[in-house]
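Enquirer: Here's the letter readout for the chains.
Number of protein chains: 4
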Amino acid sequence: MIEKYSIRTDLALEQKERFEADHVEIPGVIVEEEEDEEKEMKITTVRIETENGAKAMKKPVGTYITMEAPGLAVPDEDYHREIAETLAGYLKQFLTPRKKDSSVLVAGLGNRKVTPDALGPYVVDHLNISRHIVREYGKYAMGEEKVQMVSAIVPGVMGQTGMETVEIIKGIVKETRPDILVVIDALAARSSRRLNRTIQISDAGIHPGSGVGNHRCGITEATVGVPVIAIGVPTVVEAATIVNDAMENLIRAMESSETLKGAGLVLQGYHPAEKYELVKELTSPHLHGMFVTPKDIDETVKRISYTISEALNQLFSPGTCS
Amino acid sequence: MIEKYSIRTDLALEQKERFEADHVEIPGVIVEEEEDEEKEMKITTVRIETENGAKAMKKPVGTYITMEAPGLAVPDEDYHREIAETLAGYLKQFLTPRKKDSSVLVAGLGNRKVTPDALGPYVVDHLNISRHIVREYGKYAMGEEKVQMVSAIVPGVMGQTGMETVEIIKGIVKETRPDILVVIDALAARSSRRLNRTIQISDAGIHPGSGVGNHRCGITEATVGVPVIAIGVPTVVEAATIVNDAMENLIRAMESSETLKGAGLVLQGYHPAEKYELVKELTSPHLHGMFVTPKDIDETVKRISYTISEALNQLFSPGTCS
Amino acid sequence: MIEKYSIRTDLALEQKERFEADHVEIPGVIVEEEEDEEKEMKITTVRIETENGAKAMKKPVGTYITMEAPGLAVPDEDYHREIAETLAGYLKQFLTPRKKDSSVLVAGLGNRKVTPDALGPYVVDHLNISRHIVREYGKYAMGEEKVQMVSAIVPGVMGQTGMETVEIIKGIVKETRPDILVVIDALAARSSRRLNRTIQISDAGIHPGSGVGNHRCGITEATVGVPVIAIGVPTVVEAATIVNDAMENLIRAMESSETLKGAGLVLQGYHPAEKYELVKELTSPHLHGMFVTPKDIDETVKRISYTISEALNQLFSPGTCS
Amino acid sequence: MIEKYSIRTDLALEQKERFEADHVEIPGVIVEEEEDEEKEMKITTVRIETENGAKAMKKPVGTYITMEAPGLAVPDEDYHREIAETLAGYLKQFLTPRKKDSSVLVAGLGNRKVTPDALGPYVVDHLNISRHIVREYGKYAMGEEKVQMVSAIVPGVMGQTGMETVEIIKGIVKETRPDILVVIDALAARSSRRLNRTIQISDAGIHPGSGVGNHRCGITEATVGVPVIAIGVPTVVEAATIVNDAMENLIRAMESSETLKGAGLVLQGYHPAEKYELVKELTSPHLHGMFVTPKDIDETVKRISYTISEALNQLFSPGTCS
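Which chain is which? The protein sequence lines are A, B, C and D, in order.
Per my numbering, the very first residue in the first sequence carries number 42; after that it's consecutive.
Per my numbering, the very first residue in the second sequence carries number 42; after that it's consecutive.
Per my numbering, the very first residue in the third sequence carries number 42; after that it's consecutive.
Per my numbering, the very first residue in the fourth sequence carries number 42; after that it's consecutive.
Quick caveat, the hints were computed from the structure, so don't treat them as lab data.
A portion of the hints provided could be inaccurate.
Which copy is meant is left open, because identical chains are indistinguishable; a pair holds if it fits in one copy or across any two.
[What the hints assert, rightly or not] Here are the simulated lysine-lysine pairs, DSBU-like style, with alpha carbons at most 35 Å apart:
#1 Lys-215 to Lys-133
#2 Lys-83 to Lys-96
#3 Lys-180 to Lys-57
#4 Lys-336 to Lys-215
All of these numbers come straight from a predicted model, not from anything done at the bench.
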């Protein structure tokens with residue numbers, strides 16, 4: 042693989058796949074796969090159980106569930122309802138066993154004004170917010186016995202606020218004392234075929250710009266003081282990534298070609314660092330900061346955000362209709 | 042006056058005018074007026090100095106400066122620049138004498154999705170945010186020696202967040218420790234002629250739904266722990282208000298009419314509570330929750346928010362261009 | 042009634058009510074009322090059959106169906122589906138008997154950037170557009186035998202385009218030759234209780250600023266060359282109207298009061314023109330161009346526009362899901 | 042070059058560069074370059090004078106002026122004013138010599154809801170529209186003697202309207218009879234370094250999806266009946282393009298490498314069709330319909346659209362302020 046570690050992905054699933062390609066087992070990492078043919082979904086659970094596993098995976102210890110549902114990118118209302126139900130089911134696993142009268146704070150991360158980054162804010166737009174009602178009138182005001190107190194915030198991004206997202210959330214958590222924090226964020230994938238058709242749920246929190254490994258900024262139980270469930274959907278692929286993928290494919294293609302086999306083997310023999318330099322030279326410096334995204338991203342992000350908020354509403358305010 | 046106290050206004054200036062109409066002096070309240078004919082602005086300063094004055098005015102102790110500038114509602118770029126400069130000047134009075142290296146948090150209150158309420162969020166959209174840059178690279182990164190650290194938040198409204206705005210801001214202030222808080226909010230005026238052409242600056246903080254007097258929710262130095270400067274622009278008049286105004290005018294008109302004088306005097310003699318009941322009966326219950334706003338409100342709010350953010354940028358990041 | 046003819050309403054229903062208040066029959070105008078208690082809807086059909094009737098009603102000859110459905114302003118998805126079905130049913134009456142393979146052009150009038158005026162553009166946003174698909178692949182591409190060709194345009198308002206809306210639509214109709222034109226527009230009502238809970242359907246076309254009676258601008262079969270069905274929802278009341286209503290109520294209230302009866306009778310005796318002058322004096326000149334609208338107008342307009350597009354989709358592309 | 046003709050570009054400049062790389066002169070095509078060092082702009086004029094030239098360039102006969110201004114992508118107000126002036130100057134060349142009292146229709150093509158495609162609609166948002174005022178009050182109402190009648194339309198895209206853009210524009214042109222049509226559109230570039238920093242002006246009209254060469258849809262003097270000036274800015278690069286570019290760079294790099302030279306020469310020797318197949322195999326089928334765009338595209342498109350409308354306002358309504 043050319044410079045496998047330099048390619049950014051926020052999906053534990055894709056991190057794992059890179060090892061598989063090399064037929065390597067990672068100690069401390071357990072992977073389970075499940076296919077739901079009827080719903081056309083594939084569920085992969087990656088459990089990073091040790092610090093060594095975390096190091097190898099470049100992701101913190103925790104459980105990462107990935108739902109791959111090609112229909113997520115398509116405007117089929119019934120199918121989206123099914124996904125919302127499935128998603129609610131998996132989220133529930135992370136919630137039990139919590140006390141009955143719990144309260145949840147949902148944070149919609151990202152920049153509302155940059156479409157592929159607006160997933161989090163859009164999810165919050167459609168949530169059933171109840172904390173202020175329950176506090177004012179008691180939970181019977183919601184017409185349900187089991188209602189939880191839901192509050193939500195769209196903190197914005199650092200360029201808009203001048204503050205680390207974790208500073209804002211930490212302050213609000215301390216002041217309003219929710220039992221759990223759910224963060225929603227748009228992710229970067231490595232493979233364009235995962236764009237807008239994959240949802241990752243994790244109890245490991247969120248690490249903005251996690252490739253950089255800046256743990257100071259992480260939004261985790263350690264930094265904010267309450268358990269954190271992260272829900273993410275890859276909406277972009279970094280432009281450099283697709284060039285890199287094509288390169289890998291070229292090298293593979295060369296190996297099986299009579300006339301090019303020699304060169305293919307030479308390239309294959311390169312040290313990752315050498316390959317990385319090669320790709321960097323081949324790609325335009327103008328690609329930096331560019332991302333790849335589908336033409337219909339505006340509609341797609343809206344649709345998926347609606348599906349996620351439906352799942353959260355089913356989970357936290359089952360009696361009310363959204 | 043029919044039920045003067047039941048009419049909502051967020052402008053200290055309008056509160057004061059009600060007393061003037063009755064030729065009443067309010068102890069503990071000092072009023073200064075100033076006219077800038079060249080700039081076509083009228084500046085009124087209301088100083089509420091005692092708790093008795095505060096009680097009479099139904100506004101907390103503090104200084105309220107009101108700039109009335111008819112041109113604010115008109116798309117004249119040069120004039121808006123002048124207003125921005127004047128506004129920056131008055132804001133500076135509230136800031137001195139603070140220490141040199143201060144940091145400011147700007148909170149844009151209100152609901153971005155309800156146009157007349159979106160003033161605060163729009164102002165934040167155009168601010169020069171610098172806190173993260175100064176923290177990362179030092180203030181020389183801004184190319185200026187005197188730059189302040191500016192951070193900003195759009196907290197949303199309770200229906201969107203489930204939290205009191207003051208909870209969110211208090212949490213963020215505790216976590217990020219700004220020296221001063223500036224809050225921007227859209228206000229309700231009593232008179233439609235003040236809509237979108239008046240700016241009120243105050244050091245008394247903001248009292249959401251202040252007519253109700255819910256001090257628990259106030260955003261003041263007492264509740265958030267740092268000095269608060271509030272900037273407000275009236276963008277709506279409650280629908281009931283304009284009916285009330287017409288009633289008052291009618292009663293006055295009757296008194297000066299031969300045939301109606303008797304009835305006018307009878308009505309005039311009513312106790313405020315009686316008049317209040319009368320107006321309530323006359324107006325449709327459907328008016329509740331309705332407001333009066335001009336047709337071009339979308340454009341107007343954008344323009345004024347831009348003027349206010351220009352004033353803040355001049356004040357807090359004078360070297361950078363917006 | 043004070044100056045009944047000066048009050049603007051775009052609803053034939055409200056025009057008719059003014060006559061009823063005076064117990065006047067209008068020759069050439071037939072009115073039918075129907076109540077659907079189960080669906081909590083009231084349907085009023087006003088048929089203006091003669092030019093004399095049109096003159097009296099200040100509306101062109103034609104049929105005007107008004108659906109009053111209080112639930113329209115409320116976020117209840119099931120109820121909105123019911124209204125959509127009922128609306129589709131009434132629209133169908135205007136369509137029969139047309140030829141099988143007809144094509145329809147839908148025009149969403151109004152200004153997308155002024156919320157209460159954005160109804161038309163929003164409806165078009167959610168339509169199933171099929172003309173280009175049917176033309177490219179035949180109607181079987183839509184998976185339905187009876188599919189109609191639906192095209193749509195959001196022409197904008199004169200301040201944005203410099204053109205009369207009818208010029209734009211006429212040009213497009215001539216070029217693309219639809220069999221029928223459906224126009225959607227936000228209306229002004231006279232009564233605030235009708236805001237956002239009333240739908241008017243008419244085959245008389247639309248007369249922008251119809252109170253002014255500028256027939257040059259009308260969008261009718263006569264001006265565009267194909268039959269026109271207009272769908273309108275009142276989203277604003279002019280500010281002056283609510284003052285006027287309160288005045289009328291006051292005069293009525295005075296008549297039943299011991300002490301004020303005299304004055305009430307005096308006012309009642311005024312000629313409409315005198316009353317009109319009185320109201321004009323009582324209301325602020327700043328009210329001109331102001332309108333009354335509910336706080337939640339952004340959400341409400343979105344919801345109703347969605348209901349109307351669902352009705353149109355059911356009617357014109359029954360097989361596809363929206 | 043790998044499959045040079047399969048790569049989409051809407052810039053005549055980039056079409057020409059492909060020939061230059063092969064050191065080929067194109068008969069019937071004249072190219073002039075000009076550098077304005079002070080303004081940091083490069084101006085290239087491509088004149089396609091013969092049908093043979095048009096065939097070779099895959100662009101219709103006409104003049105194409107390309108302004109490359111790196112500062113266009115940067116938020117510097119003064120620089121944008123300079124670009125607006127320069128742009129107005131070049132546009133003027135296409136206008137002379139027309140009659141004094143001319144009228145212009147501006148069409149903002151593209152989809153307002155897909156950010157990189159919203160350039161045209163955004164430009165129209167900021168135009169000074171005057172046709173309706175001049176028609177109502179005469180040109181003196183604009184306070185200027187030389188004012189032109191400006192009208193504008195945002196026609197939407199075929200998926201939204203069901204109509205070809207040219208059908209809509211042709212209908213409006215026939216109905217309102219402007220002397221000239223200006224169309225604004227977002228383009229696809231071949232090179233990511235040209236994104237958002239290049240403006241192309243042409244008198245050859247616009248050919249939506251021009252790579253496909255579907256002349257039926259073209260918006261040209263031939264199809265709409267009046268002269269057409271097209272203004273375009275590349276805001277996207279097709280995802281496949283950047284992979285292709287990297288491939289070309291790789292092949293070049295291989296040739297100058299000891300160990301890879303052989304393979305490089307082999308690849309270089311491939312027929313374009315063979316190379317095209319190779320690239321197609323190397324890139325993911327999921328890249329189809331994907332485009333590359335910078336992270337800050339929302340802000341950038343707004344800024345550039347503002348610059349273009351300023352240029353048009355200077356040109357067509359010089360006395361009024363925008």
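Enquirer: Indicate, hint by hint, whether the structure satisfies it.
Expert: We went through each hint and held it up to the structure:
Proximity of Lys-215 and Lys-133 under a CA criterion of 35 Å is satisfied in both settings, with 24 Å inside one chain copy and 33 Å between copies. In this homomeric assembly, Lys-83 and Lys-96 come within 35 Å of each other (Cα to Cα) only inside a single copy, at 26 Å, whereas the closest approach across copies is 50 Å. For the homomeric pair Lys-180 and Lys-57, neither the shortest alpha-carbon distance inside one copy (44 Å) nor that between copies (42 Å) is at most 35 Å. For the homomeric pair Lys-336 and Lys-215, the shortest alpha-carbon distance between copies (32 Å) is at most 35 Å, but the shortest distance inside one copy (41 Å) is not.
Hint compliance for this structure: hint 3 is the single one not met.
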